[in-house]
Every structure is written in C-alpha cells, then in structure tokens.
Amino acid sequence: NAGVTQTPKFRVLKTGQSMTLLCAQDMNHEYMYWYRQDPGMGLRLIHYSVGEGTTAKGEVPDGYNVSRLKKQNFLLGLESAAPSQTSVYFCASRQGGYGYTFGSGTRLTVV
Amino acid sequence: AQSVAQPEDQVNVAEGNPLTVKCTYSVSGNPYLFWYVQYPNRGLQFLLKYITGDNLVKGSYGFEAEFNKSQTSFHLKKPSALVSDSALYFCAVRAVGGNKLTFGGGTRVLVKP
Numbered sequence: 001n002a003g004v005t006q007t008p009k010f011r012v013l014k015t016g017q018s019m020t021l022l023c024a025q026d027m028n029h030e031y032m033y034w035y036r037q038d039p040g041m042g043l044r045l046i047h048y049s050v051g052e053g054t055t056a057k058g059e060v061p062d063g064y065n066v067s068r069l070k071k072q073n074f075l076l077g078l079e080s081a082a083p084s085q086t087s088v089y090f091c092a093s094r095q096g097g098y099g100y101t102f103g104s105g106t107r108l109t110v111v
Numbered sequence: 112a113q114s115v116a117q118p119e120d121q122v123n124v125a126e127g128n129p130l131t132v133k134c135t136y137s138v139s140g141n142p143y144l145f146w147y148v149q150y151p152n153r154g155l156q157f158l159l160k161y162i163t164g165d166n167l168v169k170g171s172y173g174f175e176a177e178f179n180k181s182q183t184s185f186h187l188k189k190p191s192a193l194v195s196d197s198a199l200y201f202c203a204v205r206a207v208g209g210n211k212l213t214f215g216g217g218t219r220v221l222v223k224p
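Chains as they are written, first to last, in our numbering: chain A, 1 to 111; chain B, 112 to 224.
If you are wondering where the hints come from, they were derived from the structure by calculation, not from laboratory data. All C-beta atoms, glycine included, are put in the ideal place defined by N, C-alpha and C. Be careful, since some hints might not be right.
16 Å max Cα-Cα, derived EDC-like pairs, lysine to aspartate or glutamate [what the hints assert, rightly or not]:
{"id": "1", "chain 1": "B", "residue 1": "211", "chain 2": "A", "residue 2": "26"}
{"id": "2", "chain 1": "B", "residue 1": "211", "chain 2": "A", "residue 2": "79"}
{"id": "3", "chain 1": "B", "residue 1": "160", "chain 2": "B", "residue 2": "175"}
{"id": "4", "chain 1": "B", "residue 1": "133", "chain 2": "B", "residue 2": "175"}
{"id": "5", "chain 1": "B", "residue 1": "223", "chain 2": "B", "residue 2": "126"}
{"id": "6", "chain 1": "A", "residue 1": "70", "chain 2": "A", "residue 2": "30"}
Which chain A residues stay away from chain B? Per the calculated CB distances, all over 12 Å, these [stated by the list, open to error]:
{"id": "7", "residue": "13"}
{"id": "8", "residue": "22"}
{"id": "9", "residue": "69"}
{"id": "10", "residue": "71"}
{"id": "11", "residue": "78"}
{"id": "12", "residue": "80"}
{"id": "13", "residue": "109"}
Just need the whole structure built from these sequences, with the hints factored in.
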C-alpha cells in the first residue's frame, strides 16, 4: 500500500517551460488536493478535486491547471513556468472522513 | 474565508521542559482542527486532530492539544520536550462540511540539549 505517490521528486525548469506533476493514490479516496509550500507561508491550496472529473480553485490557482480524469490520479500542470513558481509541491488525499494523507513532495526550481 | 495564525515563527525550549506551540483559527461554523509535523526534506506527518467531544486531544509521540472555542485556539503541548521534537509544526483547520484544509504559516521548534 503506497499511499500517495508524487512524481517527480525534483525538477529544474527554465522560465517558460511547461511540465506536469503527477499525484497517484491507491486508497480509493474521493478528495485530492495540491498545495505549495513556501518559507514562512505554510501550505497554500492551489486546486482541489472532490471526485473523478471534478476540479476547483483554491487560494493560489493562477498559473496552474489541474485534471482528474481518473479517480486515482490528480495532475498539476504549469503551462509556462515562472520563477515565482519555485516551491515545494505537496499532494494530499482523503476519503469522507477526517484524515488527510500527504505525499512526500516535489521540489521544483524555475530558473 | 477561513484562516489559521501561528504567531511564533520559532520556539526554543530546553530538553525536558514543557513545549507549547500556539495556534488560533477563524472559520465559519464548527471546525475540524489538525496538527502536523514536518522534518527536514520530508512530507507532513499527522500528529492529532480535534473533531468533536473532549476539548483535550491526545496524539502521537506524547503530544496533546487543547481546543478552546471561546478563544478560537488549538495550542499544541508536550510536557517534556525531546531533542528529536525539533521540526516544523503546522496547525490546520477545515470547516465542518467544507472541503478545504487551510494551514498556518508554521512554527519551527528547536529543542536544545
């Protein structure tokens, strides 16, 4: 039982490049979330999904897009990366209860 | 909009002394409250949660937290800190019936031998 798996773990992008971060969960959870973590700002919600085929904006959605075509996967896309998107990205999932399971994070640097 | 405040960027405590990490929250309606811990270059680990019932919640590794509705606080406590408790601690809130989990800015705890 792997829980929540994020791919890749590290990435360096040039300004203007695009990429997709993959979050996969094997717990059949309905809800999935993407956060970014920046020093002194905690974790901020980018986008989330309440079920397969649904997405919704969080606190800081600009510059990101998401898709939830399959229940187990939640993709975060950067169409044109900017240095301000340098951050650590965390994915999380939960079922109808209270417990959230977090992935180990993706460290993204945009130069 | 819901929010969480952790007023201290860093807390320093000597090993064996009590540890307190402060958290206040703002949310519409009743809250679910959480504490997470993050060690360097790691993900978030769940410590404890308040859902309903007893205001004193006991969690992992000897930590506990007290929910105070009138003060909208959920302070994390440990009676006797260990050097291995040195880490980054996050408080988080979700409204009952809501979908979004909102985090505070985090408090770095440094326990000195």
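Status of the hints after comparison with the structure:
no. : hint           : in the structure
1   : B:211 to A:26  : violated (21 Å)
2   : B:211 to A:79  : violated (25 Å)
3   : B:160 to B:175 : holds (9 Å)
4   : B:133 to B:175 : holds (12 Å)
5   : B:223 to B:126 : holds (6 Å)
6   : A:70 to A:30   : holds (11 Å)
7   : 13             : holds (20 Å)
8   : 22             : holds (16 Å)
9   : 69             : holds (20 Å)
10  : 71             : holds (16 Å)
11  : 78             : holds (21 Å)
12  : 80             : holds (26 Å)
13  : 109            : holds (14 Å)
Figure legend: structure checked against the earlier numbered hints; hints not met, in rising order: 1 and 2.
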